[in-house]
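Undergrad: One-letter residues, chain by chain:
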Amino acid sequence: MWTSSHGQIDRRIATPEPGLSGLHLICGEMDMNAAKRPNRWFRNLSAKVASIPMILTALVVFVGGTAWTVFYSFTGSRLLPKVKFVGFDQYERLWSTRRWMISIENLAVYGICSLILTMVLGFTLAALLDRKIRFENTFRTIFLYPFALSFVVTGLAWQWILNPDFGLQGVVRRWGWESFNFDPLNNPDLVIYGLLIAGMWQGTGLVMVIMLAGLRGIDEDIWKATRVDGIGLVKTYVQVIVPMMRPVFVTALVIISSGIIKLYDLVVAQTNGGPGISSEVPAKYVIDYMFKAQNLGQGFAASTMMLVSVIIILVPWAYLEFGGKKHG
Amino acid sequence: MADVSPSTIDAASMAGPRGTKPKNRLSRRNIFLYGTLILISVYYLLPLYVMVVTSLKGMPEIRMGNIFSPPVEVTFEPWVKAWSEACTGLNCDGLSRGFGNSVRILIPSVALSITIASINGYALANWRFKGSEVFFTILIIGAFVPYQTMLYPIVILLREIGLMGSVWGLVLVHSVFGMPILTLLFRNYFTAMPEELFKAARVDGAGFWGIYFRIMLPMSVPIFVVAMILQVTGIWNDFLFGVIYTKPATYPMTVQLNNIVNSVQGVKEYNVNMAATLLTGLVPLVIYFISGKLFVRGIAAGAVKG
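Protein chains in written order, with the working numbering: chain H, 1 to 328; chain E, 329 to 634.
Isolated chain H, as found in the complex (with noise of 0.2 Å):
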């Protein structure tokens, strides 16, 4: 144990600063050459003991868990997992499903309309916010307390303004302007629209955050420059900020993106996906048939195309911000 902790601390020491530790590295080999050679694998043994928990769930569930769903996404399993071959039937079933064509519209339209919003929304507060205003703390404390509340706490209390009765329709009505119409919860067609303002009120303070701590990190010579060179406010913002702020905005791209995918808890507790069907998302259609409908297989293929999703927005990420790091 001792002569094989010896011959890591030498490793690692040799290792980040190769021209400095010689001697080091060479002390390191009497060590091994002393030792007997199969000793390498006990090296460092207690931290190799201490991330078992870590490589148990790097192997079994993310990659074992993930590839078991894919691979019996291709068998007929209904109430139990059955490896009983069908081929692509469960995708055929599946993009032939009215469900899921609905799923995948009201996804895409949550997606691209809260992406947009979220991102406008979070700039502009922690642009208004980095104007070095009073009660900065104030306001950053009211824009994001939402995010500190859960899904199904959010989707009820909306679910509960939107009330066609006693909600804010209501309200107006009393007030007198009769013919106010405002029940999105109620409307197949502006369903998607009521989750969407209860989505943004819990999210946009992340982003909010994320843009501000990008704001702060610009260097004040660039505003002057700007003040220098006569430049309006909202062409600094629009022309020489937003394009510093790059990353950032791919950072919160990427938040986003991977929370709108995962949107389920909230279409439950709003409307838990009515009127009707008008307004399920994958992640629901996922479960209910995994744990309702007893219908695995058509589980295992939506949450197989859910993954395929999510490969085609990280790739393109992944490549620009990894690939571009090794050029630059």
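Since the hints were made in silico from the structure, they are not lab data.
We put the CB at the ideal spot given by N, CA and C, even for glycine.
Just to be clear, a hint being listed does not mean it is correct.
What the hints assert, rightly or not - If we take Cβ atoms under 7 Å as the criterion, some of the chain E residues that face chain H in the derived model are: (1) M392; (2) N394; (3) I468; (4) M507.
Unchecked claim - Just so you have them, the derived chain E footprint on chain H, three or more residues with Cβ under 8 Å: (5) 58-70; (6) 301-310.
Use these hints to put chain E onto chain H, whose structure you have.
TA: Then chain E, alone, in the frame of chain H:
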């Protein structure tokens, strides 16, 4: 207008107290700025206000009046009812059961997930071994994979070890899914610590655990607090794992809340529903208002580096 006023403000703040003119306080810029901020604040504060107001009214008043008006007669009965009488299915013992379950899920989950993740982060930062970075990369990529693709395999795993439906099964699930972000958090923190500290301890003969417990733990209290805030709010607010990996008797508070409010049976008692909703949101809200800047730091650490 827009080009001139910010420069006066910025110049003022840089030149110290002498520069500003008092009339600036009600300038058009300020009215626009604060007006916008206050208007947007209304959108953010409205739901909380409506929830509080509704939960303090009686049902007759709710049917008569409007949701924005403050209660004429303040009553705490809805809160009592939500806590101890509200029904889910046949059980009528209120949200208190869900609260108890959530606490019993929360404490071991937070403890276990942070313990595992801090050790992971420490091993990754100071005791790299062959393949450690590979596992870490898988972990981080795994954080982006939709949970839906792993839900069913985990059901099978939990069934195999006999923990399906129990609180401890859910504790394991939370530890597994909290691992990527927390490990990242700890790894970055430990990597930023001066390496001389670690080397000195090694020279003095301290091993893996010795350094962890005697040097790393005492020096990283802030990051543990950040991780705790992150986990407490995250686990308390979880709905998906709760609804899948527990059974009705062990449902966490969020699941029970949804079942109470969205139950189809009986007359809807909106005041009780809102009291129940507020009760469920209270724990993360309190943590948010107490922790303030640390909360922001937690989500920023989780977000910006993720």
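Undergrad: With reference to the structure, classify each hint as holding or not holding.
TA: Hint-by-hint comparison with the structure:
no., hint, verdict
1, M392, "10 Å, violated"
2, N394, "4 Å, holds"
3, I468, "10 Å, violated"
4, M507, "5 Å, holds"
5, 58-70, "holds (count 12)"
6, 301-310, "holds (count 6)"
Checked against the numbered hints given earlier, the structure breaks hints 1, 3 and satisfies all the rest.
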